[in-house]
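**Q** Listed in order, the protein sequences are those of chains U and C.
Offset between the first sequence (1-based) and this note's numbering: plus 5.
Offset between the second sequence (1-based) and this note's numbering: plus 60.
Keep in mind that the hints were calculated from the coordinates and are not lab data.
Keep in mind that the hints are not guaranteed to be accurate.
[Said to hold, decoys possible] Below, a list of computed lysine-lysine pairs in the BS3-like style, where the Cα atoms sit at most 27 Å apart:
1) C/124 / C/134
2) U/29 / C/203
3) C/134 / U/29
4) U/166 / C/134
[Said to hold, decoys possible] Per label pair, the in silico range of CB-to-CB distance:
5) C/107 / U/20: 32 to 38 Å
6) U/144 / C/70: 43 to 49 Å
7) U/158 / C/70: 44 to 50 Å
8) C/367 / U/50: 52 to 58 Å
9) C/118 / U/99: 54 to 60 Å
10) C/397 / U/158: 55 to 61 Å
11) U/110 / C/263: 52 to 58 Å
12) C/372 / U/105: 49 to 55 Å
13) U/167 / C/378: 16 to 22 Å
14) U/157 / C/76: 41 to 47 Å
15) U/69 / C/406: 47 to 53 Å
16) U/12 / C/393: 47 to 53 Å
[Stated by the list, open to error] Residues from chain U that keep clear of chain C, each with C-beta distances beyond 12 Å, as calculated:
17) 9
18) 66
19) 96
20) 163
21) 164
C-beta: ideal position from N, C-alpha, C; glycine also.
In case you want the letters, here they are:
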Amino acid sequence: MTLNLFYFLSFLGILSALLVVFSKNPVHSVLYLIITFFVIAAHYVLLNAQFLAIVHVIVYAGAIMVLFLYVIMLLNLNQEAEPHKSNLIRFAATISAGLLLLVLVGTLKGTDQMLVQSAAPVEVGLVKSLGRVLFKEYMLPFEISSILLLAAMVGAVMLGKPENIKK
Amino acid sequence: MMSIFIFKVILVVAVFAISLFMAAYSTYAERKVAAFMQDRIGPDRAGPFGLLQPLADGLKLFMKEEIIPTISNKFLFVLGPCLFMITALMTGAVIPWGDTLTFGGVSYALQITDINIGILYVFGVVSIGVYGIMIGGWASNNKFSLLGAIRASAQMISYEIAMGFSIIALVMMTGTLSLKEISVFQGGGVDGHWNFWNVVYQPFSFLIFIICAFAECNRAPFDLPECETELVGGYHTEFSSMKLGLYLFAEYINMFISSAIISTLFFGGYNFPFMHDLGLDANMITILGTVALFTKIVFFIFFFMWIRWTIPRFRYDQLMNLGWKGLLPLSILNLVITGAVILYFNK
Numbered sequence: 006m007t008l009n010l011f012y013f014l015s016f017l018g019i020l021s022a023l024l025v026v027f028s029k030n031p032v033h034s035v036l037y038l039i040i041t042f043f044v045i046a047a048h049y050v051l052l053n054a055q056f057l058a059i060v061h062v063i064v065y066a067g068a069i070m071v072l073f074l075y076v077i078m079l080l081n082l083n084q085e086a087e088p089h090k091s092n093l094i095r096f097a098a099t100i101s102a103g104l105l106l107l108v109l110v111g112t113l114k115g116t117d118q119m120l121v122q123s124a125a126p127v128e129v130g131l132v133k134s135l136g137r138v139l140f141k142e143y144m145l146p147f148e149i150s151s152i153l154l155l156a157a158m159v160g161a162v163m164l165g166k167p168e169n170i171k172k
Numbered sequence: 061m062m063s064i065f066i067f068k069v070i071l072v073v074a075v076f077a078i079s080l081f082m083a084a085y086s087t088y089a090e091r092k093v094a095a096f097m098q099d100r101i102g103p104d105r106a107g108p109f110g111l112l113q114p115l116a117d118g119l120k121l122f123m124k125e126e127i128i129p130t131i132s133n134k135f136l137f138v139l140g141p142c143l144f145m146i147t148a149l150m151t152g153a154v155i156p157w158g159d160t161l162t163f164g165g166v167s168y169a170l171q172i173t174d175i176n177i178g179i180l181y182v183f184g185v186v187s188i189g190v191y192g193i194m195i196g197g198w199a200s201n202n203k204f205s206l207l208g209a210i211r212a213s214a215q216m217i218s219y220e221i222a223m224g225f226s227i228i229a230l231v232m233m234t235g236t237l238s239l240k241e242i243s244v245f246q247g248g249g250v251d252g253h254w255n256f257w258n259v260v261y262q263p264f265s266f267l268i269f270i271i272c273a274f275a276e277c278n279r280a281p282f283d284l285p286e287c288e289t290e291l292v293g294g295y296h297t298e299f300s301s302m303k304l305g306l307y308l309f310a311e312y313i314n315m316f317i318s319s320a321i322i323s324t325l326f327f328g329g330y331n332f333p334f335m336h337d338l339g340l341d342a343n344m345i346t347i348l349g350t351v352a353l354f355t356k357i358v359f360f361i362f363f364f365m366w367i368r369w370t371i372p373r374f375r376y377d378q379l380m381n382l383g384w385k386g387l388l389p390l391s392i393l394n395l396v397i398t399g400a401v402i403l404y405f406n407k
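Could you put the whole structure together from the sequences, leaning on the hints where they help?
**A** Structure below.
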């Protein structure tokens with residue numbers, strides 16, 4: 006049952022991810038990307054990580070993708086408005102995508118050793134256990150990543166500030 | 061096991077039906093309240109006191125001609141209102157509508173599902189709800205609709221943050237994300253222990269939450285996505301017939317659900333004062349508790365309408381200033397104070 010669900014979700018995820026790339030309309034791409042995020046959240050639920058799943062939905066599908074959609078709707082992109090890409094850019098894009106593929110293949114190569122540890126207990130995804138791990142074992146990385154986010158936020162405010170208002 | 065399954069199915073259907081019923085009669089109540097506030101009579105033609113008015117309105121919306129603009133994206137145009145309606149109905153699943161009923165040794169909880177992240181589930185569903193507006197507004201291929209959709213998305217994201225922060229203070233106090241446990245936390249009576257409603261401990265959190273709830277439901281004074289003086293009809297300008305009906309209806313369901321959530325989080329949920337001191341049967345207390353919850357919900361729906369017909373609409377920059385510069389810092393301050401108090405008393 007779980008395995009069938011996993012295959013179905015994976016199929017759906019890969020299909021919608023491919024549609025993100027292949028659909029002509031940028032708004033459709035964003036909508037397919039939202040479906041992909043939902044499928045990933047469903048995968049988290051399969052792995053007993055309910056908290057992670059719901060936070061994933063709130064943050065990615067609920068906030069970030071809304072802003073993506075917002076910007077794309079405002080820009081009103083279409084085929085005529087799309088800038089013509091030179092061959093050099095196409096070449097560079099192919100190379101970097103190939104490198105990414107290489108990294109992914111390299112990551113997946115070691116997965117057969119990881120399967121032994123994958124039998125996680127049911128409580129691992131609960132808020133309580135997650136909070137304990139996050140605030141006891143990984144306190145420092147957690148705080149440092151929050152400072153990183155704060156820096157990004159301050160940077161965004163600085164960039165967004167109108168320069169002509171000076172007192 | 062089987063009886064619990066059947067009971068859950070009945071409960072799902074009941075919550076669905078009650079949501080629709082409450083939404084239908086909220087439209088009637090809204091017109092009556094507006095009439096009362098403006099010294100008019102309001103709808104009184106259909107049935108006694110105009111009580112059949114929602115049915116007449118529904119029939120009218122079903123029978124009207126359906127117009128889909130030729131250059132809009134048909135699939136997304138239909139998907140928009142459907143998505144908005146579905147997300148409005150989904151939140152009812154985690155709200156505890158009452159305590160447990162016991163028949164023949166089997167206890168039935170009056171809640172469809174008690175997931176341990178209940179309040180986060182509500183937030184997740186609410187944050188998806190904005191897609192219904194955005195997709196519908198964009199697919200209409202109309203400037204007014206697009207502006208309405210964009211306003212709606214910016215407004216909902218801005219107010220979600222302050223809403224989340226105001227809830228964190230409450231979660232810190234109760235130590236749980238489950239709506240059922242938050243309800244239980246507020247239960248009790250005079251006998252030995254006093255458990256006050258959360259609003260007594262967290263008045264600022266409540267104030268911020270209810271303001272944000274107004275903004276999330278797109279209700280006046282925050283109904284900028286559909287403000288008729290600037291945007292014709294906002295995101296639903298191009299919608300006609302039952303698709304418009306779904307948008308308007310879902311708004312009332314959202315109002316019902318957010319009233320239920322406010323009652324559950326801050327006003328004791330299905331608990332009522334002296335509930336264990338009257339010497340009543342457990343099943344009787346449960347039924348009275350559900351009645352108490354619905355009384356609170358009806359009061360908050362009335363409160364929503366009261367505000368709508370009292371306070372004029374904000375300007376869009378005022379709305380953003382209130383959200384980002386007013387409510388967000390206040391909710392963070394509330395969070396810090398709550399944390400400090402908890403630390404001081406639990407030392």
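**Q** The structure should be examined with respect to each hint, and the outcome stated for every one.
**A** Now the hints, each set against the structure:
| no. | hint | in the structure |
| --- | --- | --- |
| 1 | C/124 / C/134 | holds, 18 Å |
| 2 | U/29 / C/203 | holds, 22 Å |
| 3 | C/134 / U/29 | holds, 17 Å |
| 4 | U/166 / C/134 | violated, 40 Å |
| 5 | C/107 / U/20: 32 to 38 Å | violated, 51 Å |
| 6 | U/144 / C/70: 43 to 49 Å | holds, 48 Å |
| 7 | U/158 / C/70: 44 to 50 Å | holds, 48 Å |
| 8 | C/367 / U/50: 52 to 58 Å | violated, 38 Å |
| 9 | C/118 / U/99: 54 to 60 Å | holds, 57 Å |
| 10 | C/397 / U/158: 55 to 61 Å | violated, 23 Å |
| 11 | U/110 / C/263: 52 to 58 Å | holds, 57 Å |
| 12 | C/372 / U/105: 49 to 55 Å | holds, 54 Å |
| 13 | U/167 / C/378: 16 to 22 Å | holds, 19 Å |
| 14 | U/157 / C/76: 41 to 47 Å | holds, 43 Å |
| 15 | U/69 / C/406: 47 to 53 Å | violated, 36 Å |
| 16 | U/12 / C/393: 47 to 53 Å | holds, 49 Å |
| 17 | 9 | holds, 22 Å |
| 18 | 66 | violated, 6 Å |
| 19 | 96 | holds, 34 Å |
| 20 | 163 | holds, 16 Å |
| 21 | 164 | holds, 17 Å |
Hint violations for this structure: numbers 4, 5, 8, 10, 15, 18, all remaining hints satisfied.
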